[in-house]
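Using the sequences and the hints, build the whole thing.
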Amino acid sequence: MWYGIGNTGLPNPAAAFVEVLGDATANLMFGAADIGQGSGTTMTQIAAEALGLSYEKVRVTWGDTRVTPDGGATSASRQTLITGNAVLKACEQAKETLAGVAAAYLGCQPEELEFSQNTVTKIDDATVTMTYKTLMAEMKAAGKMAVGAGYYNPTTTTLDPNDMSGIPYEVYSYATTICEVEVDTETGEVDVLKVVSAHDVGQTINQSMAEGQIEGGVVMGQGFVLMEEIEVSEKDGSIKNPIFSKYIIPSNLDVPEIYPILVESEGGPGPFGAKGVGEPALIPIIPAIVAAIEDALNVQFTKLPVFPKDIVAAVKEKEAADKNKNN
Amino acid sequence: MKAFEFFAPKTLAEAKGLLNQYGESAAILAGGTDIVIEMNEGHRKPDVVIDIKKLKDLAYVRIEGSKIHIGALTTFEMISSDPVIRERVRVLAEAASKVGSPQIRSLGTIGGNLATASVAGDGVSAMMTLNASVVLDSVRGQRQMPLAEFLDGQGVSSRNALLADEIMTEVFFEMPDNHTATAFYKLAKRKSLAISVIGAGMLVQVDGAGICIKASMRGGCLARYPLHFKAAEEHLIGNKISIDLLEETLPMLHDAVYESAKSRPWSVFYKKESVQGVYRKLFAAILEQLNGKSYE
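Residue numbers (the numbering used here), protein chains in the order written: chain A, 32 to 358; chain B, 1225 to 1520.
In case anyone wonders, no lab produced these hints; they're calculated from the structure. Remember, it's a predicted structure, so these values are computed and weren't measured experimentally. Heads up, some of the hints might be wrong.
[Said to hold, decoys possible] If you want the footprint, here are the derived chain A segments under chain B, 3+ residues with CB under 8 Å:
(1) 216-223
(2) 281-293
(3) 340-351
From the three backbone atoms N, C-alpha and C, an ideal C-beta is built for every residue, glycine too.
Dropping the structure here:
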């Protein structure tokens, strides 16, 4: 599978603000809504890495329209790429001021400095170093403030309305998913046993969260293929199963063994080369499960979901067809 | 939810007194896994709720002579973890262990399951397979009856024979002996928190020569109460149990389900086909148990 990151052929920017404070901690602000995928953690890690502060030193305010800049929707697998780059740009702006003050104090050029682990050090001479706290005291003495604002809009073009040509996405994620199923041909039950899902994420920002997203995507896709269906009343169009006791999704006991694999490629324009994995995690498992069922039964399914009754019907049909062939 | 008066009696006598006093306006709350939902959704609006959770004396699994007695307040968790039931009564252990989720099994009771008498009650299917009987109690005295008769009865609700002043106190059944095998399979849309599509039970008793002397096959969710596969049972009795003999009953299961469910065309195709797959699993479990027993 290959899948574009960000909105299709449309501008979709996001922004971030940052300030490094006198006590060598930072305030980071961005609009991206964390809906459980962990963008708050990811952006904090990106800012900490960019500023050379430890993770705990970065405080985050996100998704508050009174104070945070717009982050656009948490959709299209886009926040790591787009808000991530905005955070990086904001931090780079703040760091430019910091580096100037540090270089003057240490007697070198700003580009010779490395910011890491709450310390500023000359790259080729570790003895030329200062703590972030000393740096912030120097900033105060110089009457300077370490603030930054950044926004990022992926490079795309509007698609040609006639032939859809153009550049719809700046970055693509790639994935391969393999799964093993057991199909009961008499009851139509499908047991998803094992799933291996490998994703080119460019650069992993947070391993546990990226793996968690892949695992969550696998289970969501499993539900899409095998269980989920919105039942609509023919009488008045209302949804007949609007509660989770009737709208069936996989339970913990249905979850297969999942082996997520993170592939780090050359990346591209994302922060440190990172791409998105939100939707890519979900998509390839869907055809993988269907293909596994088809491989087990030697029949084809052309619509989702594939319910046990559909499997039993397909098996019966095939048996009848095979019998006719032999006669 | 409509307001109601709430009582939590500490003794059975007290509970029976309250039921006698409030009758039809009262609802019994045991585990609450059915009635709380029914009340929340407005399907039931009792004036009085009698919470019997404090009647701890009604939670037990007891062996008396050749019978196993289970108190009405015994939870599915207690049943599925009881060593005697796990060893001797697989049909019940399996049914109890597949009810809902750990949370529901810790609250839901066998008495509540039988009194609610849902089409999809796995406890109902298992107990019908075991030809269980229930004990009903009231200030007027105790009575007992086969579960089948209980389910056929017209009491305070059309669901069963329970009268307005009565409380179920016990369910009991003949303990399967060394020559008896039992099994249960729950066919459902997922592996937990699922309402059964078919909840199938089976019991087979053989003599020393492996000849079937008793057979019980009941399929939940295939009729208002667990479907009785009489033709299949009769086919087994008097014959030596083998995989071939057992599989000869598959068309009978198919036909029985078709007869029972043909008025519901959207579900009959799948149910009449899948019931065969379900029973094939039970046959394997039954044969495995019987073969194991022959070495005892």
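Here is what the structure says about each hint:
1. 216-223: holds (count 5)
2. 281-293: Coverage by chain B holds here, the residue count being 5 at a Cβ distance below 8 Å.
3. 340-351: holds (count 4)
Checked against the numbered hints given earlier, the structure satisfies every one of them.
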